[in-house]
Each structure stands twice: as C-alpha cells, then as structure tokens.
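Please arrange chain B on chain A, whose structure you already have, making use of the hints.
2 protein chains.
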Amino acid sequence: MHPIGVIRSPYKKSRDIPIQGTFKSEVEGWIELKDKYAGGLKDLDEFSHAIILYYFHKSQRQETEGRPFLERNKHGIFAIRSPHRPNHIGFSIVKIKKIEANKMYFTEVDVLDATPVLDIKPYVKYFDSRDDVTCGWLDKHFKNGNIPDETILK
Amino acid sequence: MHPIGVIRSPYKKSRDIPIQGTFKSEVEGWIELKDKYAGGLKDLDEFSHAIILYYFHKSQRQETEGRPFLERNKHGIFAIRSPHRPNHIGFSIVKIKKIEANKMYFTEVDVLDATPVLDIKPYVKYFDSRDDVTCGWLDKHFKNGNIPDETILK
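Protein chains in written order, with our numbering: chain A, 1 to 154; chain B, 1 to 154.
No lab work stands behind these hints: they were computed from the structure. Any given hint might turn out to be false.
Which copy is meant is left open, because identical chains are indistinguishable; a pair holds if it fits in one copy or across any two.
[Stated by the list, open to error] Below, in silico cross-link-like pairs of lysine-lysine (DSS-like), each with a Cα-Cα straight-line distance of 25 Å or less:
hint, residue 1, residue 2
1, K125, K24
2, K24, K140
3, K98, K34
4, K13, K143
5, K103, K125
6, K140, K97
7, K13, K36
8, K74, K103
9, K74, K36
10, K74, K97
11, K12, K42
12, K74, K98
13, K58, K98
14, K125, K74
15, K125, K97
16, K34, K140
17, K143, K125
18, K103, K13
19, K140, K42
Bound-form chain A, shown alone (with noise of 0.2 Å):
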C-alpha cells in the first residue's frame, strides 16, 4: 500500500472536523494526486459524487473497542467509524465540484489535511445506496430527522 496522493482540506485539528462532511456540506477540499494516476480521474466528472480512501495518518493505536464521537459507550471498533482501528482505512463520500488535470474538488469533507489517499471509487447508486437499513446505537442520534451537533470531542 502506498498513497497515491493527498487530501487537502481547511480542518488541521481532528476536533475541527464535522462527525460527517455531508453535515457542514459547505467546506471544501481537493485531492491532488501523484502525476502519474491523473489519467485514472478520466470520466469520474460525470459522476456526482466519490468514494474516498485514505490513510488516518495521525492515528497512534489501534482498539478493539472504541468510543465512538456521539457518544461515551465503548462499542466494537467495526460497529464504529473511529480512525482507532486495524489498518488505520478512512472512508468518506464526497461530492465532485470538478476535476482539473491531477486534482480532485469537492465539498462535504471530514477529513484532515495532509491525508494520504490510498483509492477514490465511483459512488454508484445502483450498489451503493441501501433501503430498509438500521443503524444500531446510531439510530437513538438521528430520531425523528435530528442530526446531533454535539460531539463528545468538542
């Protein structure tokens, strides 16, 4: 593994940054990838939005259980999205602004600055969106349409 660019993003701090870009859909950020895969970005313009991975670069451990932002309780650390865990793989949803030669424009970042990219994706509807969907201990933070501004970090 071996990152194929960078994210840049206005958040320097984890506790600057949104539980989830899609919630401060306003920032921006851009990927500049590496010369050599700006020809991979062919086509992706067409797309609304992209699947990101990256590397979470500044997380020092890994757990088994964590404490995820929402909350104080200790869950697994595959039932939560904490940077904490094997691997260190971040994954976001962005929505593509444009693209100009090596670099990625976007907005509804969560993500660090200085990031390194490991893959972007195609988000396809047709697989990627699912219906009848429950979310566990989430579900208690989002009743009734509320989306929690609150997070235990801030």
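Quick look at chain B alone, frame taken from chain A:
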C-alpha cells in the same frame, strides 16, 4: 496493512461473481476474523448492513484506465470499480445475517472466496446514502429500472 481475516464465499473464480452482490441477494458468505479481532464485532449485529474493505488478491496488475464488466469502453480507473487499481482495495456493502464469535455471516456477496479482509465498518444511512446522485457511464445501463445481467466477462 495486514489481513484481519478472510472472506468465505461460494465464488471460486472471477467469472462466477455477479457485478454487485445486491443483484444476487440470496447468496451467502462470511468473514472469519483472526481471534484477536473478534471483540471488534461487538454491537455490529444491531446494524443491518456493513461496509467491507478487502484486498483484491488475484489482481496481478495496476491500470490507469480499464474496461468495466458492463461495457467495452475504457474509463479512468477511479471512474470504475475494477480490481486492477492502485492499492487493489475492494469495497462492498453486505447485509448482515448474524454474528457468532469471530464470524460475521452475510448476504449480497460479490467477493471471491479466500479474499483477505482489511476492515469492516457499519453502514450508516445518515452518512452513506445520498440523494440526487448521477452515475456517469453507468446510468445508461440502469435506465428505467433496468438491471443488467450480461457482462463482457461472461
């Protein structure tokens, strides 16, 4: 990066795999985690779906452009879901059936048997499902509710 476990699936060869598991939803598989990661599955059984990240271990090459299963046109590697991509990371959403000790059983499989697993994350509809999505070259294949069953592989 290291495998945290292995995926078991009925698919032994690439050409047996459906384009995405959600279109052959009765097929079952499971992830068998290394024992030390079993505790990480705590509370994941309260979620209906999980994101799995894995290593495309059969891919022998990295491409900048490639042909997807659905058509003969070439697209940038970041605009398709081909395994022959930088870092060879695969991404699928699966439907959780049950969790027992270090095993997560699921349906909607689209992964080869013996694939090394890198991570499991809860699928959270509040962040992972998007409206107003356009899907570039894929939209024509799914027009008017069509589900393509032919691929150029078969």
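Here is how each hint holds up against the structure:
1. K125 / K24: both (21 Å within a copy, 16 Å between copies)
2. K24 / K140: within (21 Å within a copy, 31 Å between copies)
3. K98 / K34: within (17 Å within a copy, 41 Å between copies)
4. K13 / K143: For K13 and K143, the Cα distance exceeds 25 Å both inside one copy (29 Å) and across copies (43 Å).
5. K103 / K125: Cα proximity of K103 and K125: one copy only (23 Å, versus 28 Å across).
6. K140 / K97: between (33 Å within a copy, 22 Å between copies)
7. K13 / K36: neither (30 Å within a copy, 31 Å between copies)
8. K74 / K103: between (38 Å within a copy, 20 Å between copies)
9. K74 / K36: Answer is between; shortest inter-copy Cα gap is 17 Å, intra-copy 42 Å.
10. K74 / K97: Close across copies (23 Å), not inside one copy (37 Å); limit 25 Å.
11. K12 / K42: Intra 30 Å, inter 32 Å, cutoff 25 Å: neither.
12. K74 / K98: Intra 39 Å, inter 20 Å, cutoff 25 Å: inter-copy only.
13. K58 / K98: neither (28 Å within a copy, 33 Å between copies)
14. K125 / K74: Close across copies (21 Å), not inside one copy (32 Å); limit 25 Å.
15. K125 / K97: both (18 Å within a copy, 23 Å between copies)
16. K34 / K140: neither (42 Å within a copy, 31 Å between copies)
17. K143 / K125: both (24 Å within a copy, 12 Å between copies)
18. K103 / K13: Intra 23 Å, inter 36 Å, cutoff 25 Å: intra-copy only.
19. K140 / K42: Between. Shortest inter-copy distance 18 Å satisfies the 25 Å Cα cut-off; intra-copy 41 Å does not.
In summary, the structure is inconsistent with hints 4, 7, 11, 13 and 16 from the numbered list given earlier, while agreeing with the others.
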